[in-house]
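*Asks:* Residue-level listing of the chains:
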Amino acid sequence: MDKITYGAVITVVGMGGTLLGLYLIVCFVQLAKRVFPYREAEKNDERGSSCSN
Amino acid sequence: MLELIQTGLGGLLMGLGALTLSQCIMIILGCVLLYLGIKKDCEPLLLVPIGFGAILVNIPLGGMMADGGLFKEFYNMGVINEVFPCLIFVGIGAMTDFSPLLENPKILLLGAAGQFGIFLTLMLALLLGFDLMDATAIGIIGACDGPTSIYVTSKYAPHLLGAVSVAAYSYMALVPIIQPPIMRLLTTKKEKVIRMEYPERSVSPTLKIVFPIAVTVLTCLLAPMGTPLMGTLMLGNLMKDCGVVSRLTKSAENELANIVTLLLGLSIGATMEAGAFLKGQTILILCLGFVAICLDTVAGVLFGKLMCVLSKGKVNPLVGAAGISAYPMAARVVQLEGRRWDPNNWLLMHAMGANTGGQVGSIMAAAIILSVLKGMGVA
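Chains A and B supply the protein sequences, listed in that same order.
Numbering-wise (our numbering), the first sequence opens with residue 1 and increments by one.
Numbering-wise (our numbering), the second sequence opens with residue 1001 and increments by one.
By construction, these hints were calculated from the structure, which means they are not laboratory data.
Please note that a few of the clues may not be correct.
[What the hints assert, rightly or not] Below, a sample of chain B positions facing chain A; criterion: calculated Cβ distance under 7 Å:
1) LEU1108
2) PHE1116
3) LEU1122
4) LEU1126
5) SER1202
6) THR1206
7) THR1216
8) LEU1218
Every residue gets a Cβ at the ideal spot worked out from N, C-alpha and C, and that includes glycine.
Bound conformation, chain B alone (with noise of 0.2 Å):
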């Protein structure tokens, strides 16, 4: 009877007994994770779940990836197969005006040179000595777009998942923090107090039904493989300006981006095991995602500079930062820097624009890493 007693107190005791050093280290970042979130207002409808996935992954025996078990069913169903991203994207899309951008269509090319980070960054992680895939997945860091990161690394990268999901998300929280001092160190006092123009015409609520449509055939032909990424975000942007789908749109942005968001953070916590995260490599990982990000913030603004000569002082090159995908936060920062320089300087609606733009970008930036890497026959 005694016996029997002491084993079962043993069994009690079995999770204590097992966890390890490093296990133990994996639980204090997730309440890092946590910490952030919750009293730091860092993407908390991300870190959250992670957090807490973080956690629970890392409680020995209690079988959360094992096969079968229910973190391993969250990421065999949404994330492996990338079903969880392209549904975020509907989300997104229904969240998204495209509007700033359709009254200033140029101001979208600072969307593609807020990408150029992303490239220099999968250069820079090669020359590391990480292999194509790893560093595409990487550079990716660089689109400052978790859903296209999960994307790509799921595809090419799995075993990165985690670190660069982590990167992808905290780095897009401290937008405000990392992108004012670069943006300063680029530009003039005279570039930062330049005015941009509103024009006053709006744009045809035709022209914004027609918009998601062209531009998912068009990037969809040349890059075929962004298809899932591109398709969904502009489904979701065509079911809000189409207006006839009012319920759709509604369940787009809350219900279906709410559930599918909590699931994809559970299942990224899921992917931060002991064993696989706490490495080297983890750390030169987040060292390159910060780069990426600054790499952007430069493209981003040595383009807006160019855009400002080319059109006779007419673009504040500050706005060149909000080409970036972090959507709407980047817009903010734009505007925030502007007024410090000038109280009555209003560049949002045009940061807005090439934050939206932004958002193409990175998409368009994915498919071509996508269809590029599948016709040399590497993926």
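Just chain A, same shape as in the assembly (with noise of 0.2 Å):
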């Protein structure tokens, strides 16, 4: 191959190999926001934490 091959392969899996590792982070997330919701109690721990700090 030559190197304007090789260039355009990294260009293609490059560019579609970052928005699917994106894509699948933005997956995670979303799931994990069920898994894990954000609670009021928490937000109360939270701020307890930082004003015994």
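If you follow the hints, you should be able to join the two separate chains into one complex; please do so.
*Replies:* Laid out in structure tokens, this is it:
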């Protein structure tokens, strides 16, 4: 393969792979937000701990 | 006796006698970098040590980059084996807040679009005659991320380290000048004034702890060659958000980051020896770096427009420009540009989300390039 072909492969796989990788993270975060939902108590805990520091 | 004095005086003038025109030019260039850092406040933490390093390494007979020389030791200790960029990432991770990204995770995709400039510039460099390794190092300037650029360049094209690093850090500092005209050109007045909603819920502290661990495992399995970069960034972030190692976090974001920045800056300056730096190729690299950052912005804003259409007008395309790694400068540029058209439009948190997405995206892009090259048996 010549260098332009190598470059084209890196470009296509790179752009697609970056988009895919970040899309997987988006899917994970959306799922994780359901598994670990935000609760008011956690907010209070957080405030409490920051005050004690 | 007189002859001895003459010889002694001759020794004092040896440096002056050995000074070449190209070294003089490099010393002036070092002073220009110092001026940009000190007077213009362009990335001073890096441009000051880089500029001073460039001056020192071009002093004839100074021996800073000779075998056993001070800068050669710094270079071998942290650049050639990629230790400094990774340590800097621990510090960056400890300073980064991923909350805006976790509030609105879809915005992370803008961080992928903001990396397209890397690949387009890589192709452009190949078409201009650079070999694959050099083109990869030049393209990575488009990551808008100093440590990532240094990591990839030191691996594949160490002879270009000076030019690539100076381009990466200089253009990062010039983001407020480079991006706005492109943002204005690619968006309509109606798009510029779109207001984005802020979700009321906050992010669970548990999610903030799980996020860096999961991202590390996910991305490193997908592109294992990027493990040192993603791993160290997420380690720093985990230390910050887990809340039980505050001493380590403070050290990482202060002492560690500062010491490594100093040594890294001097080491980069040390690569700017006249013979290696003063070439036509360097000018071409600086031009390609500029193109890379412009293309990143174009891709980010165009992807933002696509998200605007798909979300039925809920995403302001200007936020797409923040999908690069220059954190938090790119987010601030988006906020200022948004308020220019609607003084009551607050895009900052969304832009911060896209900006942290750009940080993850730039490492992801570099990791994929490294893994693909390894997979193809080229590197």
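*Asks:* Could you run down the list of hints and mark each one as holding or not?
*Replies:* Hint check results:
1. LEU1108: 5 Å, holds
2. PHE1116: This hint holds: B:PHE1116 lies near chain A, its Cβ roughly 6 Å from the closest one there, short of 7 Å.
3. LEU1122: Interface hint status for B:LEU1122: holds (6 Å vs cutoff 7 Å).
4. LEU1126: Where the cut-off is 7 Å and the nearest Cβ of chain A is about 4 Å from B:LEU1126, the hint holds.
5. SER1202: Given a least distance of 5 Å, the restraint on B:SER1202 holds.
6. THR1206: 4 Å, holds
7. THR1216: 11 Å, violated
8. LEU1218: At about 6 Å, which falls below the 7 Å cut-off, the nearest Cβ of chain A leaves the hint on B:LEU1218 intact, so it holds.
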